[in-house]
Each structure stands twice: as C-alpha cells, then as structure tokens.
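*Asks:* Sequence:
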Amino acid sequence: MLDLTGKNALVTGIANNRSIAWGIAQQLHQAGANIGVTYLPDEKGRFEKKVRELADELNPAFYVPCDVQNDQQVEDTFATVAEKWGKLDILIHCLAFADKEGLTGDFTAIPREAFTKSLDISTFSLTRLARSAKPLMTEGGSIITLTYLGGVKVIPNYNLMGVAKAGLEMSVRYLAAELGGQKIRVNGISAGPIRTLASSAVGGILDMIHHVEEIAPLHRTVTQIEVGNTAAFLASDLASGITGQIIYVDSGYEIMGM
6 MLDLTGKNAL VTGIANNRSI AWGIAQQLHQ AGANIGVTYL PDEKGRFEKK VRELADELNP
66 AFYVPCDVQN DQQVEDTFAT VAEKWGKLDI LIHCLAFADK EGLTGDFTAI PREAFTKSLD
126 ISTFSLTRLA RSAKPLMTEG GSIITLTYLG GVKVIPNYNL MGVAKAGLEM SVRYLAAELG
186 GQKIRVNGIS AGPIRTLASS AVGGILDMIH HVEEIAPLHR TVTQIEVGNT AAFLASDLAS
246 GITGQIIYVD SGYEIMGM
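For reference, each letter of the sequence shown is one residue, going 6 to 263 in the working numbering.
Derived from the structure by calculation, the hints contain no laboratory data.
Hints may contain errors.
Stated by the list, open to error - Using 27 angstroms as the maximum straight-line C-alpha spacing, the simulated DSSO-like pairs for lysine-lysine come out as follows:
hint	residue 1	residue 2
1	K139	K89
2	K139	K49
3	K188	K92
4	K188	K158
5	K89	K105
6	K92	K49
7	K139	K105
8	K139	K92
9	K158	K49
10	K105	K158
11	K122	K89
12	K89	K55
13	K122	K55
14	K139	K188
15	K158	K89
16	K139	K122
17	K158	K54
Kindly generate the complete structure, drawing on both the sequences and the hints.
*Replies:* Structure (structure tokens):
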C-alpha cells in the first residue's frame, strides 16, 4: 500500500489549480505526507495569494517565498524546512521558464540572455535545490522533477525549452549517481501535454493535445492527478529500487513511431 505518513514533502511550482505541481501536492497529501509549499515572490503578493487560496486545503506546514535565481531565498527556504521539520524526505521540482522569443521563431535567433535565464530557472534550479536538500535528507529521500518529450525530440514551438529539458534529464542521472550513496533517489516524470499556465506559452497546445488523443495507445491525454499518482509512487518505498529514470506518463504516446 502506498503510504507516505510522516514523510515531509517540499513542493515547488504551484501556480493555479491546473498546475501539475498542484496535482502532485494533492496526491502526496492524500497519501499522508506533510506538505510545505514555495511560491514565486512578487511586489504585489499576487502569486502568494493565489497559492495560499488553493493550497490551504492541504494544511501546509509553511509557505515560503523562493525565487530560484536568488541563492539567499533558496537558503532561507531550506532553513525553514530545517526549522519546521528537522528533515526532508521528498523534494518536488516543477519549475520551468522561457521567454516567448525562446519558444517561437528560428532557434538560431534566440538571444543569449533568454538562453541563460531559461537554463538557470528550468535546469540548474534542480541541482541548486538538490544541493540544499541533501543535508536534510538524513534518512534518504526522493527528488522528483517534471520533464517533457521535447527534451528528447523536436517539438514545434518548444525550441529553448527542449534544450532546457534535455539538460534537466541529464541532471537527473548525474544527481542520482552522486546521491545514491545517501539513499536519495532522483527521477523525472515526462508527462504528456496538459493545459497549464506554463503550457499556454507554447503555441498550439490544443493541437498537441488532440494529436496525442489521436495517436497515443490510450487515445487520450493524461491528467494532473495521474501525474500526481506517479509522483506519489516514486516518492514512496514502493519505488525504493528506482533512481535516475525518466518515467513517461503520456498515455503511451512516446512509444509510437507513426
């Protein structure tokens, strides 16, 4: 039986009720995990307000601002984890960003600034968070990130995010190799296209969803809850022998050749 009772889970990347991070947080909570939530700080506090209104039903142990481009905020986040819980068992990384100019148009036209910012937020942030989580995972743990098929194959209007996801998937493997000796497992979930705030920036998302519904063996796309169930499994002892892997939750689309 999948049981996360007594496990402490830090969830990043919740934006609204369509966020995959939200589906993951719900399923971790349902399995008994204690939840801590980060949000992106802004001057008017809009993101915090939205996240609190949504996540309060999970009775989080804390909300903490965390801009992953700000090392001090990252350190403060894990200081809060240490203060509230003393240890961390589960880290959920659901962070990605690319300017519009990095998604559409010619790949060769992507500006250096857009390239570096996207890889900092979407790729390096996993390693940065893992670095701070490592000393708190004293009893082992599970680190889970979100990726997409565009990190392996060319997807229209995905451009820079494809490079970021490719780097993220390789980061999963290197982190798994380093942290395995401390019984910390690192895995990625490659979800099929889902309508989220992030995916809305990718042109033609509805066409992508319809294409998956036509081609995938299950003839449908997946839901946030299905991705959340997979994350809960990977976070649990049922997945104790799984690390360094990318798990496809995409109705089988990835296996199809035509």
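*Asks:* Keeping to a limit of 27 angstroms between CA atoms, is the pair of K139 and K49 held or broken?
*Replies:* Judged against 27 angstroms, a Cα distance of about 33 angstroms means the pair is violated.
*Asks:* Given the proposed pairing of K139 with K89, does the C-alpha separation stay at or below 27 angstroms?
*Replies:* holds, 17 angstroms
*Asks:* Check whether the Cα positions of K139 and K92 lie no farther apart than 27 angstroms.
*Replies:* holds, 10 angstroms
*Asks:* Hint check: K89 vs K55, CA-CA at most 27 angstroms. Holds or violated?
*Replies:* Given pair K89, K55 holds - Cα atoms ~23 angstroms apart, limit 27 angstroms.
*Asks:* Would you mind confirming whether the straight-line C-alpha gap from K92 to K49 stays at or under 27 angstroms?
*Replies:* Not OK: K92 and K49 at ~32 angstroms, beyond 27 angstroms, violated.
*Asks:* Is the Cα-Cα distance between K139 and K188 27 angstroms or less?
*Replies:* holds, 10 angstroms
*Asks:* Decide if the proposed pair is consistent with the structure: K158 and K49, CA atoms, cutoff 27 angstroms inclusive.
*Replies:* violated, 39 angstroms
*Asks:* Is the straight-line distance between the alpha-carbon of K188 and that of K158 27 angstroms or less?
*Replies:* Measuring from Cα to Cα gives roughly 32 angstroms; hence the hint is violated.
*Asks:* What's the verdict on K188 and K92, does the C-alpha distance respect the 27 angstroms limit or exceed it?
*Replies:* holds, 14 angstroms
*Asks:* Hint check: K139 vs K105, CA-CA at most 27 angstroms. Holds or violated?
*Replies:* violated, 34 angstroms
*Asks:* Going straight from one Cα to the other, do K158 and K89 come out at no more than 27 angstroms?
*Replies:* violated, 42 angstroms
*Asks:* Does the structure keep K158 and K54 at a Cα separation of 27 angstroms or less?
*Replies:* Distance of about 37 angstroms is beyond 27 angstroms: violated.
Checked against the numbered hints listed earlier, the structure breaks hints 2, 4, 5, 6, 7, 9, 11, 15 and 17; every other hint is satisfied.
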